[in-house]
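Colleague: What follows is the residue order along each chain.
There are 2 protein chains.
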Amino acid sequence: MALIVQKFGGTSVADPERIGHVADLVKTTRDAGNQVVVVVSAMSGETNRLLALARAVNAKPDARESDVLVATGEQVTIALLALSLHARGCPARSYTGGQVAIRTDSVHGKARIEQIDDAAMRSDLAKQRVVVVAGFQGVDEKGNITTLGRGGSDTTAVALAVALKADECQIYTDVDGVYTADPRLVPDARRLDHLTFEEMLELASVGAKVLQIRAVEFASKYNVPLRVLSSFAPGPGTLITPEDPSMEQPLISGIAHTRDEAKLTVVGVPDKPGVAYKVLGPIAAANIEIDMIVQNVSAEDTTDLTFTVSRSDFAAARELLEATAAELGAREVTGDDRIAKISLVGVGMRSHAGIASRMFKALAAEFINIQMISTSEIKISVVVDEKYVELGVRTLHSEFGLDARSETRR
Amino acid sequence: MALIVQKFGGTSVADPERIGHVADLVKTTRDAGNQVVVVVSAMSGETNRLLALARAVNAKPDARESDVLVATGEQVTIALLALSLHARGCPARSYTGGQVAIRTDSVHGKARIEQIDDAAMRSDLAKQRVVVVAGFQGVDEKGNITTLGRGGSDTTAVALAVALKADECQIYTDVDGVYTADPRLVPDARRLDHLTFEEMLELASVGAKVLQIRAVEFASKYNVPLRVLSSFAPGPGTLITPEDPSMEQPLISGIAHTRDEAKLTVVGVPDKPGVAYKVLGPIAAANIEIDMIVQNVSAEDTTDLTFTVSRSDFAAARELLEATAAELGAREVTGDDRIAKISLVGVGMRSHAGIASRMFKALAAEFINIQMISTSEIKISVVVDEKYVELGVRTLHSEFGLDARSETRR
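One line per chain: the protein sequences are A and B, in this order. Residues are numbered in the working numbering as their position in the first sequence, beginning at 1, plus a constant of 157. Residues are numbered in the working numbering as their position in the second sequence, beginning at 1, plus a constant of 157.
Think of the hints as simulated: they come from the structure by calculation, not from any bench.
Counterexamples of contact, computed for chain A against chain B with all Cβ distances above 12 Å:
#1 Asp428
#2 Leu437
#3 Ile445
#4 Glu457
#5 Asp470
#6 Gly486
#7 Thr491
#8 Gly505
#9 Ser508
#10 Lys518
#11 Ile527
#12 Gln528
#13 Ser555
With a Cα cut of at most 25 Å, we get these calculated DSS-like pairs of lysine-lysine:
#14 B:Lys284 with B:Lys322
#15 A:Lys217 with B:Lys184
#16 B:Lys284 with A:Lys299
#17 A:Lys267 with A:Lys217
#18 A:Lys518 with A:Lys544
#19 B:Lys299 with A:Lys284
#20 B:Lys217 with B:Lys267
#21 B:Lys378 with B:Lys322
#22 B:Lys217 with A:Lys284
#23 B:Lys299 with A:Lys299
#24 B:Lys267 with B:Lys299
#25 A:Lys322 with A:Lys184
#26 B:Lys217 with A:Lys184
#27 B:Lys284 with B:Lys184
#28 A:Lys378 with A:Lys322
#29 B:Lys284 with A:Lys217
#30 A:Lys284 with A:Lys184
#31 A:Lys322 with A:Lys284
#32 B:Lys184 with B:Lys322
#33 A:Lys267 with A:Lys299
#34 B:Lys518 with B:Lys544
Remember, it's a predicted structure, so these values are computed and weren't measured experimentally. For glycine and all other residues, C-beta sits at the position ideal for the given N, C-alpha and C.
Sequences are here, hints too, so could you generate the full structure?
Modeller: Right, here's the structure in full:
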């Protein structure tokens, strides 16, 4: 008998029929002899409906009251799923975040979980009941309702798995696992049976938005096996675990890409200590997230600094940068908001030299110019002109043997 | 400075615009120097929408989970009203029933309030904040969400007024007070400035559904002045208080009527002790509410027993009665589901003889036949053919001088 935490997102519980389907999946897991804790999100569209009501009465809704409001979304789903399980003869009991209790700090809208009381859930599980918990929400020490922010239901699921020492945390989504590349771009992309936490983190951070980074980090920290599977199509999904040294690691597990990037360069700034801080400080202070940063080797006593931001922040970042450039006496500011990033991810590349040069050679053979390069221990990212993104991803997918039809490689 | 509890029902908070209007009313009361606690219901239609979702997943929804589900209705409203008050520069803080806490027993769907913790509300009031509380809901000692049943928001308001020793509990509705008769029937009906609890209870029990009986009983028991007013039209409404012996009581305060009644008679049952129980026991056991009961003086050794039930229970009650009649050897069962009840209510009638005969004489003058009569200390009810209801109410309204244009009588 295993203890399994299952999480279903908004599209999986979008209407009574789908909730019934989720109840079938949960009951199957329980009837196989497992203890099951289910975490659910609000029915898709519900959170936005509630936020629209809030904005209709107040242009700048207070965070505490917004949390009281949106927390009702998951509360509706837990009751409906419990009722749907009852209708199938499966005993079940619902819990709001406050009822568990999932104790958080008091930062409304993006609270962090501090502590989880597992007593009530344990007592229900011992009585063979399915425990249905509202995702995304908690309660602070004064009893105020808090929410964990976007994607918070994944975090709730992992946190419950940690607190209950669950054997597996299953995240049901609308895709049936993690793929070697986006199947919409690469028809030959394959579902991966297995990934390490590190690989999942790199893939998530470069655009394969199957799981929230925060949930993966959390699961990684506490070594809770995560499984990504589809609530619509049956299958084993992708299992994500700590690295197993006995297992032969493939060179590359997947190729991720993002399109919504923009690049800014400040040309000819004095090459002195502190210049990077002076350039990037105001951008960060404006809450604009900076992704890649590249500083060229300086020619004479000036240097060029290039960085990427989200495309939606391009105009604001450029304006800030122009001001800084004038202050520092830089030669000019250039920018390009038609770029894309392609990343190769795999724990195997750690022990293999030559991956980067093989990547660059394959791209050059297709006349794809590389504008920026950034590397981590298990990832190599390149920035290219946006028009090359499909060609680039497909080229690398073939080059590194990910096209193979079999799924036996791992 | 007074402490005022204000309650707004579902139609008063039906959409963001109306919630804004409620916020205006609340702010006006607070700006006049009062401390204000507001109790709100779910936006009209919301509870039914949620119950329809429940039935879509489970034909017989469990009471605990139904409470978790429908309690979200009021939770949405408290957040929206708090946000709407903020938008008007009025500090406010929302509380669910559980957050207050409003402690109830564990009878889901019709819980009774056992205790209210006023500490958090007092602290907010001291900080000049408006306190916004979800009506209709509470929490049992184990932290399960409970609801108080239909009309429970009125009960919440009165219970909070009692716990906080409020100066007045104002119930906002879609009518601007309690009238001497239904204005749709009697165009000359007048709004009453003042009523006693006893009168309000009798009026409520005979069809003037302005307030829930339970809330009036509760307010009466703890002597909390109640005021009924309209959230749509300005005005002082009707104040309901304990009887003031120094005040001259009018004979009659109002005339109420109900149409949805039906009458059943079992004819020729043996006139023995216990026969009323044998006849009515099975009806009560089937959860059919019995209103008036009349037993005629027995002729020979048999008697006739007549009682009224709600029209919707007529068929079921008749079936039960036929079975009992056969068992007891009664002569026959007769019934009529086209009856109406007209009631005269007033604390003044206590000290005045002749009210009943004056009532009967006035009805006789219009050739309205009286089928049944029932009296209490401050009420006389008659059952008549349904077709006479308008004529009967108007006749009595004139007869007892309620038509007067002035509102100065009280």
